[in-house]
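A.B. asks: Numbering-wise, full-length UniProt numbering puts 40 at position 40 of the sequence shown, and it's gapless, one number per residue.
It should be emphasised that the hints constitute simulated quantities derived from the structure, not laboratory data.
It is possible that part of the hints are untrue.
Below 30 Å or equal to it, Euclidean Cα-Cα: the simulated DSBU-like pairs (lysine-lysine) are [what the hints assert, rightly or not]:
#1 K101 <-> K125
#2 K101 <-> K18
#3 K125 <-> K72
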Amino acid sequence: MLLRIDHVGIACHDLEEKIEFYESTFGLTVVSREINEEQGVREAMLHVADGAQGASYVQLMEPLHPDTVVGKFLAKRGEGVHHIGYGVADVAKALEEVGAKGVRLIDERPRHGSMGASIAFLHPKDVGGVLTELVQTARH
1 MLLRIDHVGI ACHDLEEKIE FYESTFGLTV VSREINEEQG VREAMLHVAD GAQGASYVQL
61 MEPLHPDTVV GKFLAKRGEG VHHIGYGVAD VAKALEEVGA KGVRLIDERP RHGSMGASIA
121 FLHPKDVGGV LTELVQTARH
């Protein structure tokens with residue numbers, strides 16, 4: 001079901017500062033910047049590598065407001081890994097399969113994600129304490 005690690009989502013207070021850090025320290029490049037009102041974040045996707053099943057990224061997320069999911073995460077835990085995104089061929093099918101195995105779904109059906117992807121989140125309490133995102137890359 002899981003094809004690759006699509007991205008690691010990292011919550012941060014200052015998006016521009018973190019972009020500069022990842023560019024200068026690791027040589028990563030920004031391939032996408034978005035404001036996702038639904039999720040309450042400004043975000044940047046930084047390319048890490050290409051693989052046989054697709055690319056992998058670091059997703060940096062700055063909350064639009066303190067009362068967003070990422071804003072609350074930062075207030076409680078500080079900057080750091082927020083979630084792991086795994087690439088799947090068909091996010092709707094993956095949700096059905098995972099849900100049938102008893103994993104609680106945060107999203108009952110796919111929604112819009114970064115770079116036009118279809119995404120859905122799984123409840124962290126059922127995935128070893130890790131907020132898990134399933135990502136079906138947009139077809140270009």
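A.B. asks: Name the hints, by number, that the structure is in violation of.
C.D. replies: Hint 2 contradicted; others consistent.
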